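Asker: These are the residues of each chain, in order.
Number of protein chains: 2
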Amino acid sequence: MGVVQKYGGSSVATIEKIKAVAACIAEVKQSGEDIVVVASAMGKTTNALIDLARQTGGADNARELDALMATGEQTTISLLAMVLQGLGVAAVSLTGGQCGFVTNDNHSRAKIVDIRADTLKKHIAEGKVVVVAGFQGVDAQGNITTLGRGGSDTTAVALAAKLGWDCEIYTDVESIFTIDPRRCPGAKPLHHITYDEMMEMAALGAGVLETRSVELAKKYHVRLYLGKSLERDKTKGTYIMEKDSSFEYMPVTGISLSDTCAVLSIAGAPADGSCVSSLFAIISKLDINVDLISQQLLDDGTIALSFSCKPEDATLLRKTCAKNGFPYELALQSTLAKISLVGVGMITHSGIANRAFEILYQNGIRYYHISTSEISLSITVDAVNLQRAARLLADAFELCIAA
Amino acid sequence: MGVVQKYGGSSVATIEKIKAVAACIAEVKQSGEDIVVVASAMGKTTNALIDLARQTGGADNARELDALMATGEQTTISLLAMVLQGLGVAAVSLTGGQCGFVTNDNHSRAKIVDIRADTLKKHIAEGKVVVVAGFQGVDAQGNITTLGRGGSDTTAVALAAKLGWDCEIYTDVESIFTIDPRRCPGAKPLHHITYDEMMEMAALGAGVLETRSVELAKKYHVRLYLGKSLERDKTKGTYIMEKDSSFEYMPVTGISLSDTCAVLSIAGAPADGSCVSSLFAIISKLDINVDLISQQLLDDGTIALSFSCKPEDATLLRKTCAKNGFPYELALQSTLAKISLVGVGMITHSGIANRAFEILYQNGIRYYHISTSEISLSITVDAVNLQRAARLLADAFELCIAA
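Each protein sequence line maps, in turn, to chains A and B.
Using this note's numbering, count along the first sequence one by one with no gaps and you end on 416.
Using this note's numbering, count along the second sequence one by one with no gaps and you end on 416.
Chain A on its own, in the form it takes in the complex (with noise of 0.2 Å):
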């Protein structure tokens, strides 16, 4: 058996840190475990790379910014896997091309179609620490592909599961909470929490996981581990995994946050779908991930929808519709956040949505759109309100350490 580990751009920000972390991956093989490790660009390189790509004038072009990007994580693989033969550790670093990430073609957000495997077997069988770059892959071309923001977590996550090993996200904090410590402060550690929990709070804004990776892991049943890096005590961390018998009885998991959410609204369209689907066409084509979708139909026979977004998405969204004729008019509230309450025990507690519009209504916080799945309620409010209505939420559903 072995695991994968993963590290952020914060824990190989210098080589100092690159050296700690190599530390750690030492330990764990010398402890007789196989391990294969995930690596993002150094710090803020990828950033820096942008802003390189910026100047050029031709930055839209999404295939040399995936190559230039991907030049960040290789830099960052071949100077951990030199550390660690510097500490006597065999180690030999994978391109994601190298490794067998076979990708589509879509640049800057490819999909893995493929990971052919045998360079990393062979060397995971010669006894050596492989160390991945993350993000990356290759089309059927052989053109360098990124997985988009995030990427790398979920190129740790599909190694995992070709692998059948379990996974460990290290990343600059402790483990995932009930709510946002720096908003809330007081908010709890969670020790285990499910891959749908961990999704609809992923999706929904607490932004420490990418959503897509949580959906691999729970698809391939891989066991992850999010945690501090240079963190040895895995009481400490949060596992993501299937329900089961150890997790405590909790009817909200966790609260999900999101400051600025644009919602737009059609009035008066016809219900015979029409409307709809040509507006979501233009959507899909934007690759514009909305939620919060309500469609009601009205007294007159029309219908009123309404769903949010990004702010940057619902703008470049009206601007694409006017373009294109499109003849319903997309009102735009632009000053809200969302709020979403999320746990797997919600189906099976209904008094949770009214408890909630109680605690605002009796302290006075307007709500406005309303959003349900199994296991989440997510409503907007105004982005002024956003911390009190946390803070109320939080306490209400004991998510916090009593003051």
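Because the hints were derived from the structure by calculation, they are not lab data.
Keep in mind the model is a prediction, meaning the values are calculated, not measured.
There may be inaccurate statements among the hints.
It does not matter which identical chain is meant; a pair holds if it fits inside one copy or across any two.
What the hints assert, rightly or not - Computed cross-link-like contacts, BS3-like style, restricted to lysine-lysine with a CA-CA straight-line distance of at most 30 Å:
(1) Lys30 to Lys201
(2) Lys124 to Lys135
(3) Lys231 to Lys124
(4) Lys256 to Lys135
Please build the complex by placing chain B on the supplied structure of chain A, with the hints as guidance.
Answerer: Coordinates of chain B only, in the frame set by chain A:
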């Protein structure tokens, strides 16, 4: 027809410089000529990467060092391709591996085994400017290799050979000069020089073009042009080609200088060849370049052998010989410098050696070792006398514009 242009690190050191280079490339393309561009790493990037590697404690791992170094050129080519795209010129970047450069696995000084140019040719056929990372390839197992310092010149010439095109090397010097103009102000630019002369000049210390690349150009009849980056006037640079009638009459084409030159000598070794053969086995294993090899049979039946090499190689060789129990003392002279007269006309002008020796003698400059080839005459002098000797010989053979 088309042209391969190579731009060195100083020509692409900043985005501004890359833009200036791109404008030149765009002009060529817009004139209707196909063009493949080979680029080096930006400015001092390669040195910066080596510095990073040194801090790892594992920089002796040549495979990882190559993977690290290769990021330098990959960065340049993607940025240059973006700049070209920004100018409206269709362009695509290819790493060494993507361009089909297959090498042996001799990391950090790999030799090109094959160029599988299908992808390259496809992009050319589609009318694109192809920007290729110099200095790199992959071995048969897909490991990233580098061709060693100056390897980008070799990349460019190899591509020109493969495509049957001319090759233009752009650098920060205007042309090849009869003698280093920093040492002899008034040195004349050479409009033409033969492959053989250029190889002698390069190997003997002129340092403008990598010898391997000239050798390759000669072998595949690639017409080479060397000029200053951004200079569009082709009468200012130097063509490196077979001798033809357009060459001016010059018995000595140029003088090449080498500041530091160590000479090692052995005396009293048996004449049966055993000593030389075991010594050169060690030299070959260490991959040390030696020249000025001279051997004489002495009256007592023993031989006297001497040869020159770089001072650092001399130290390494003496250490290795001592460790391996080589039974003869290698005497070291380390304060010498080398001066070489080069010219295809030398073979038919027997008076040249005589003239050179006379000038040095008349001016009280002692010389020690002498070695000749068909087109060159090399001698060692005390390093302190190099500058004066060079000036005297340059004047004697009319290599400088009269002051």
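Asker: What are the numbers of the hints that this structure violates, sorted from low to high?
Answerer: 4
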